[in-house]
Amino acid sequence: MQRLARVESEAAAPHVGECVTIKVALAGQPNVGKSTIFNGLTGMNQHVGNWPGKTVEQKTGGCARGDKQFDFVDLPGTYSLTANSVEERVARDYILHERPDVVVAVVDAAIPERSLYLLAELLLLPAPVVLVLNMMDVAAQQGIQVEPRVLEAALGIPVVPMSATKNQGYEALLDAVVAVGDEAYPYNPHRPVILPAHQTVLEELITWVAAYVPKPYPVDWVALKLLEGDDEVVALMQSALPDEVWTRVHATLLRHEDAILDIAGARYAWIARMIRAAVVRPKVGQMGLTARLDRVLTHPVWGTLALLGVLAVVFWLTYAIGTPLQGGMEDLIQQGAEALSAGLQGVLPLWLVALLADGLIGGAGMVVTFLPILVIFFAVLGFLEDTGYMARAAYITDRFMHAMGLHGKSFLPLLLGFGCNVPAILGTRIIETKRARWLTILLAPLIPCTARMAVVAILAPVFFGRAAMWVAWGLVAVNLGVLAVLGIVFHRFVLKGEQSMFIMELPLYHLPNARSIGLYVWQNVIAFLQKAGTVILAAAVVVWALSYFPAGGDVTQSYLAWIGRGLAPLGALMGLPWMLMIALLTSFVAKENTIATLGVLYGNFETTLPALITPPAALGFLIVQMLFIPCVATVAAVKQETRSWAWTLLSLGLMFVISLGAGILVYQVGTLLMRG
Amino acid sequence: MLKTLLALIRDDAYRTPQELAAALAVPTPLVEQMLAQLVEGGYLAVPEACADGCGGCSLAQACGARPGVGLRFWTLTAKGVSAC
Chain A
1 MQRLARVESE AAAPHVGECV TIKVALAGQP NVGKSTIFNG LTGMNQHVGN
51 WPGKTVEQKT GGCARGDKQF DFVDLPGTYS LTANSVEERV ARDYILHERP
101 DVVVAVVDAA IPERSLYLLA ELLLLPAPVV LVLNMMDVAA QQGIQVEPRV
151 LEAALGIPVV PMSATKNQGY EALLDAVVAV GDEAYPYNPH RPVILPAHQT
201 VLEELITWVA AYVPKPYPVD WVALKLLEGD DEVVALMQSA LPDEVWTRVH
251 ATLLRHEDAI LDIAGARYAW IARMIRAAVV RPKVGQMGLT ARLDRVLTHP
301 VWGTLALLGV LAVVFWLTYA IGTPLQGGME DLIQQGAEAL SAGLQGVLPL
351 WLVALLADGL IGGAGMVVTF LPILVIFFAV LGFLEDTGYM ARAAYITDRF
401 MHAMGLHGKS FLPLLLGFGC NVPAILGTRI IETKRARWLT ILLAPLIPCT
451 ARMAVVAILA PVFFGRAAMW VAWGLVAVNL GVLAVLGIVF HRFVLKGEQS
501 MFIMELPLYH LPNARSIGLY VWQNVIAFLQ KAGTVILAAA VVVWALSYFP
551 AGGDVTQSYL AWIGRGLAPL GALMGLPWML MIALLTSFVA KENTIATLGV
601 LYGNFETTLP ALITPPAALG FLIVQMLFIP CVATVAAVKQ ETRSWAWTLL
651 SLGLMFVISL GAGILVYQVG TLLMRG
Chain B
1001 MLKTLLALIR DDAYRTPQEL AAALAVPTPL VEQMLAQLVE GGYLAVPEAC
1051 ADGCGGCSLA QACGARPGVG LRFWTLTAKG VSAC
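Protein chains in written order, with my numbering: chain A, 1 to 676; chain B, 1001 to 1084.
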């Protein structure tokens, strides 16, 4: 059969000088250079409109060579022809209804595997296909060798290498189109083969529907699409088949609902064979930066050590650069508070002067002085995130959670907990089983959120000076260790092996963008300042009022002292004065309130506190701070998600007992060791 | 090959598309394409932003692991488990 449509339709055979038109459809995924090829072929001779009845752009154009006229249609970019989108329907309907003489399938030679699924589907349609390997130059730059002749032999269709942006391959493409159109090329496509398990079913379907398939649909294609569960074809045949035949077909389709896995799976196996035959990728020595880095950074041992090292560097940079800056800001704030206090003496009532100087500036102002530390902390985190390392950190963390048996869908919300425990609790909604979900809710507050980390970032250097980096590092390890122990216990005795599997993406590493990091830091700093100006400020005023009244400034006779003395016996077990217990208590409103409270009660606590408590007590205090009951927003989230006061109180009780138990243990053991 | 991929995910011995690609001896982009098809068929699910409580935290923006913003995950659905 002559595939070429003749311009002069009355002619029975081409004569000398007669022009023959070849109708060509360009198919391919988005971003494979299809439009570049279309523009290169048609130049100014093109028309842009819409596909009939659709909002999808239609580009048509033409060119002539010798006695051949080529009419091109640029089909919408699609990944497959499964009728999932309007573009896919337009593309396949055009081929089915308009029957182009040749379909040119454009493939990115650098990642041919991405486009071959579309080719597998094109080969099932009633139009011959020419494969274009575009961007051969890009593939060569990446060290990828694609063998067009090998691929052609494996596929049984013409394969044309091109570099459209460099004007290379156009003549060869037109030659191939003409050869296929003229049937000069031995076109014999090697299509993916359906697995034997479904071959019989397919043949049955063909037998049942053959007499009823409307034109111009090919019977084999319709039967295959029915088996794939293609909505459009199913609807088409439901209306075309008599009821008794449709009932039989429908029952068969329901029985073989998962046939798509075998059909599509066979296509992927076919793609894998083609790629193995015709594509040679760089060897290990030539692999990309991401692959080389990941060999170390995702390695079970080296990756874990790298993560610990990165964490240490984060704290080191935070303290080495941030602490001196914080000292400068603190001096400024203190001088301002003293000047304000001196200037307002006698002008305003004494209590109001105390409120401004000690409550507002001493409390919320003290929190603000730690802004440089937080800026450095967020800048380093932003840098790590922007380079793509954070994904590797999550990957390594998953190994850790995997080892304790708590993985799968629990991992994702727990990962969120490193940012904030509230979304971590809400994020447990993705866990289907109630038992697993509630236990994840119970564990989530043990993940050190950035607010807890910020408090530790501020307090660790106050107590431990140059050793702060190691202390902060160890505190994070303690939290994760406690989480691991609880996770193992829950997994062994409550969940009993229940698991949920998942896969995570590791993006490519890339150079960090200063603007992205700047925005990241800016957003965090603004959010922190907003909180300092609202929740922390309000809490500082309340703490100041409780510490000022009724004795008019004598803290030891204040309401706060009355509350604090109630906590004193507990504090004594950890070597902590009642003021530190109050600071812990106020962290229930927001973790940062610990700093504000210490500022109100001690003024310059950086010099006061190290002299007041011993190193074991300081370490115990930091451990309690890291493991203490979560903030009120997290508790509210626990109540909201579990809808159970009993579970919420269990969560609070667990954290309370663990934190104070750990604090007492550290203080008592530390004191014994120091005495020894 | 799709059933094999589902079985590998179910076995929980592989964690990334790269690891799955190595196990199947195919390029990673092909595995990503298969994952997308399995999501479309309901055999895998991609968790969208699963939490909306970030407004309550002053440091919410520091959370680089929010789905849709940072990492991408695929989880096996009940349909996926029964199919492999």
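Heads up, some of the hints might be wrong.
[Claimed, not checked] Derived CB-CB ranges, DEER-like:
#1 A:VAL219 <-> B:SER1082: 54 to 62 Å
#2 A:VAL219 <-> B:ALA1013: 40 to 48 Å
#3 B:SER1082 <-> A:GLY465: 31 to 39 Å
#4 B:ALA1013 <-> A:ALA140: 51 to 59 Å
#5 A:VAL280 <-> B:ALA1013: 23 to 31 Å
#6 B:SER1082 <-> A:GLN523: 18 to 26 Å
#7 A:GLN523 <-> B:ALA1013: 53 to 61 Å
#8 A:MET44 <-> B:SER1082: 32 to 40 Å
#9 B:SER1082 <-> A:LEU673: 28 to 36 Å
#10 B:ALA1013 <-> A:ILE526: 15 to 23 Å
#11 B:SER1082 <-> A:PRO218: 51 to 59 Å
#12 A:LEU325 <-> B:SER1082: 12 to 20 Å
[What the hints assert, rightly or not] According to the in silico footprint, chain A covers these stretches of chain B (three or more CB under 8 Å from chain A):
#13 1019-1032
#14 1037-1045
In case anyone wonders, no lab produced these hints; they're calculated from the structure. On a predicted model such as this, the values are computed, not experimentally measured, just so you know. Just so it is clear, CB atoms sit at the ideal spot from N, CA and C, and this is done for glycine as well.
Outcome of the hint check:
VAL219 of chain A and SER1082 of chain B have their C-beta atoms about 32 Å apart, which leaves the hinted 54 to 62 Å range violated. Taking 40 to 48 Å as the suggested C-beta distance range, the pair VAL219 of chain A and ALA1013 of chain B conforms, at roughly 43 Å. Hint check: SER1082 of chain B to GLY465 of chain A, Cβ distance near 59 Å, so the stated range 31 to 39 Å is violated. The hint said 51 to 59 Å for the Cβ distance between ALA1013 of chain B and ALA140 of chain A, and at roughly 36 Å that hint is violated.
A beta carbon spacing of about 28 Å between VAL280 of chain A and ALA1013 of chain B agrees with the range 23 to 31 Å that was offered as a hint. Distance hint for SER1082 of chain B and GLN523 of chain A: a CB-CB separation of about 43 Å, inconsistent with the stated range 18 to 26 Å. The hinted range of 53 to 61 Å is not satisfied by GLN523 of chain A and ALA1013 of chain B, whose Cβ atoms lie roughly 38 Å apart. Evaluation of the 32 to 40 Å hint for MET44 of chain A and SER1082 of chain B yields a failure: the beta carbon distance comes to about 57 Å.
Between SER1082 of chain B and LEU673 of chain A, the C-beta spacing of about 57 Å breaks the proposed range 28 to 36 Å. Range check, ALA1013 of chain B to ILE526 of chain A: Cβ separation about 44 Å, and the 15 to 23 Å hint is violated. Between SER1082 of chain B and PRO218 of chain A the beta carbon distance is about 33 Å. The supplied range of 51 to 59 Å is therefore violated. One distance hint, 12 to 20 Å for the beta-carbon pair LEU325 of chain A and SER1082 of chain B, is violated here, with the actual separation near 58 Å.
Closer than 8 Å: that is the beta-carbon criterion, and the stretch 1019-1032 of chain B has 7 residues meeting it against chain A, so the requirement of 3 holds. For the stretch 1037-1045 of chain B, the proposed coverage by chain A is satisfied: 5 residues have a C-beta within less than 8 Å of a C-beta in that chain, meeting the threshold of three.
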